[in-house]
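Undergrad: Protein sequences, first through last, are from chains G and U. Under the UniProt record's numbering, the residue at position 110 of the first sequence is numbered 110, and the numbers go up by one with no gaps. Under the UniProt record's numbering, the residue at position 183 of the second sequence is numbered 183, and the numbers go up by one with no gaps.
Keep in mind that the hints were calculated from the coordinates and are not lab data. As the structure is a computational prediction, the values presented were derived from the model and not from experiment. Here a beta-carbon is modelled for each residue, glycine too, at the ideal position from N, C-alpha and C. Watch out, some of these pointers could steer you wrong.
So the derived label-pair ranges between C-beta atoms look like this [claimed, not checked]:
| hint | chain 1 | residue 1 | chain 2 | residue 2 | range |
| --- | --- | --- | --- | --- | --- |
| 1 | U | P311 | G | L293 | 57 to 65 Å |
| 2 | G | A232 | U | S236 | 54 to 62 Å |
| 3 | U | R101 | G | S286 | 36 to 44 Å |
| 4 | G | L293 | U | V195 | 45 to 53 Å |
| 5 | U | L16 | G | K220 | 32 to 40 Å |
| 6 | U | G8 | G | L293 | 51 to 59 Å |
| 7 | U | F305 | G | K220 | 53 to 61 Å |
| 8 | G | H119 | U | V195 | 30 to 38 Å |
Computed footprint of chain G on chain U; a stretch qualifies when at least three of its residues, placed anywhere within it, have a C-beta under 8 Å from a C-beta of chain G [what the hints assert, rightly or not]:
| hint | region |
| --- | --- |
| 9 | 29 to 39 |
| 10 | 67 to 74 |
| 11 | 315 to 323 |
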Amino acid sequence: MTRSKAPARGLSDMPESGFRPDLVAIGFFLVVALVFYGSLLWTGYLSLTNSRLIPSYEIVGFDQFARLVATPRWRTACVNLVILGAFGIAGSLALGTLLAILLDRDVRAEGLLRSIFLHPLALSLVITGLAWRWLLDPVTGIQSVLRGLGWSSFHLDWLADPDTAIYALVVASIWRSSGLVMIIMLAGLRGVDTDIWKAIRLEGIPLWRAYAQIVLPSLKLTIASCIILLMADVVRSYDLVIALTKGGPGFSTDLPAKFAVDHFFGRANIGLASAASVVILGFVASLLVPYLLIQRKGRA
Amino acid sequence: MIGVGIRGVTKSYGALPILRGIDLTIDPGEFVVLLGPSGCGKSTLLNIVAGLEPLDDGAIEIAGEDMTHADPSKRHLAMVFQSYALFPTMSVRQNLGFGMRINRVPKAEIVRRVQSVAALLQIEPLLDRKPAQLSGGQRQRVAIGRALVRSTRLCLFDEPLSNLDAQLRADMRVELRRLHADLGSTMIYVTHDQVEAMTLASRVAVINRGKVEQVDTPQKVYDRPATLFVARFVGSPAINLLEGVLMADRRFRSATGATVDLSGYAFASTPRPGTEVVLGVRPDDVRVAEAPARRGDALSAVPAFTESLGPRSLLWLELDGQRWSMYVDAKGGAIPTGPFEPGFDAADASLFDKTTGVRL
Ligand SMILES: Nc1ncnc2c1ncn2[C@@H]1O[C@H](COP(=O)(O)OP(=O)(O)OP(=O)(O)O)[C@@H](O)[C@H]1O
Ligand SMILES: [Mg+2]
Chain G
1 MTRSKAPARG LSDMPESGFR PDLVAIGFFL VVALVFYGSL LWTGYLSLTN SRLIPSYEIV
61 GFDQFARLVA TPRWRTACVN LVILGAFGIA GSLALGTLLA ILLDRDVRAE GLLRSIFLHP
121 LALSLVITGL AWRWLLDPVT GIQSVLRGLG WSSFHLDWLA DPDTAIYALV VASIWRSSGL
181 VMIIMLAGLR GVDTDIWKAI RLEGIPLWRA YAQIVLPSLK LTIASCIILL MADVVRSYDL
241 VIALTKGGPG FSTDLPAKFA VDHFFGRANI GLASAASVVI LGFVASLLVP YLLIQRKGRA
Chain U
1 MIGVGIRGVT KSYGALPILR GIDLTIDPGE FVVLLGPSGC GKSTLLNIVA GLEPLDDGAI
61 EIAGEDMTHA DPSKRHLAMV FQSYALFPTM SVRQNLGFGM RINRVPKAEI VRRVQSVAAL
121 LQIEPLLDRK PAQLSGGQRQ RVAIGRALVR STRLCLFDEP LSNLDAQLRA DMRVELRRLH
181 ADLGSTMIYV THDQVEAMTL ASRVAVINRG KVEQVDTPQK VYDRPATLFV ARFVGSPAIN
241 LLEGVLMADR RFRSATGATV DLSGYAFAST PRPGTEVVLG VRPDDVRVAE APARRGDALS
301 AVPAFTESLG PRSLLWLELD GQRWSMYVDA KGGAIPTGPF EPGFDAADAS LFDKTTGVRL
């Protein structure tokens, strides 16, 4: 065959060999669209039906949403989300920024800080959760260590108390996320013009004012990006809850995502679970609002 | 108006020496330009004067006081940076006043000083804008303003105009001259642009590889360069050079045997015959010899091409294997077309020791 001697002709050769990359790509996107958006629409539809163990197609309007709002467990889950969101994000942002500043100022402990705060990024949330479960367990964790050292009155059993268990989650979540904030903020800080720092030193501006009034304000887009990433982390905290508390004691550390999963698979209440999922989707979508605002501002 | 003394300053980064013993005395009210090629250590020296960079050895005196280890904010000086270094989230007004606010200057005094500097630099309409809303030239004005608010006695500039386009640069040069004349501040100005150096400086310090090569008025630096480096670095088009040896009767002989009579040259010390030298002549000083010697060993130039510069043209020559240039009158018409004998006044020429590069 003479054709085989011709130099490779790239994609134009493909149809004859029966391979159509474009078709493959289209197929791929179709599958994604179908599975992803299809499920989305399907869930939305189910949330309007009276489905229980198996899907039913009888539309009952917003009944499921009304029931959802009336469920104390759902309300606890939402409050927990807010607590985790507010304290978790504020805490991670503050700690991560502080660490980034320390690293940027060439603190000696760079290696230590990196391993304490960057490794959790590489670990599965389940492992993070387990680690904290051990640390906070009265028998195996910090309490027993400190008591062993002679501080016999030391008391740390957050996980056992329904009122404090959620704060154990907050602590774990701060530890898990501040590494991310640290590297993003560090990149931002390293990008600050060295001449600005010279001007700061020349004017005799104290360090904390320099950060508070000049450097950090100039990184507000970076900080906003951190907040968006952190919010996404909070919404996805399902794994952390499972590993750390399984939602307990009682339902005290439940989160909306866990609520939805439990009702889908454990309690066979597909209608209510779908309604919860739709509300969660609403939360996530609302995260996009600040993102879009920033984008618009960045372009203006 | 305060003076600055730079005494034997050395500085290395690791094993790499950057400044190798800099001595420079700047009198109150002077406008001294540090001129040198990129990487010669100008910014490093300026940062050392400002206290933003530690020095290895030597001392810095400001206003007669030893400031070698003083904090930058205590050195009575202000500085303008190449990237302007304005605080991005503050308005122009806040940029100008922030340093004073930090130092607890009374509000009324801050307002007064900001106003007067804003008026001086004609930036009053910009006071409520953010730096991002300003053009490059306006930012530069604000940066200068921030420096002047801080100190009108000693101002350091690190290539403040290098980010501006040519027209604006020319305008700002005039502006800076005016400011210096009005305020009488002592100014130290770093640049690698010789036009800036020539137009602004009361004295130019030419720096090469961490050493001061010459400190003189711009005219002196141009007319009587102290070293071969200075001769080459200053002047555009570049100085014409020709290598050769010095002969017994104060004659210069090039490699091809052409000789030049240097009896009119002001030797710094009695020349030693046989020294290998480099002869330098500014293009402005070269002309067509009016009374050609027509000796066999006279210089001979072959015209290569001309560049029109408007009122006059630059004629490029081939001379003894070297590329020379000279100015010719575009209108006068007397542009040589064939080989001719170029002439110049020996008193205008420069002669350097080839091995040391020092002016003879
Ligand atoms: N922090 C540093 N670490 C190592 N080397 C440095 C550092 N800062 C400057 N240098 C080196 O010191 C030399 C002088 O730098 P400097 O900034 O003083 O040059 P300059 O004369 O201002 O040049 P330019 O005109 O390009 O600004 C350069 O070769 C540079 O690479
Ligand atoms: Mg420089």
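Undergrad: Does the structure break any of the earlier hints, and which numbers would those be?
TA: Numbers 8, 9, 11 - these are the hints that the structure violates, sorted from lowest upward.
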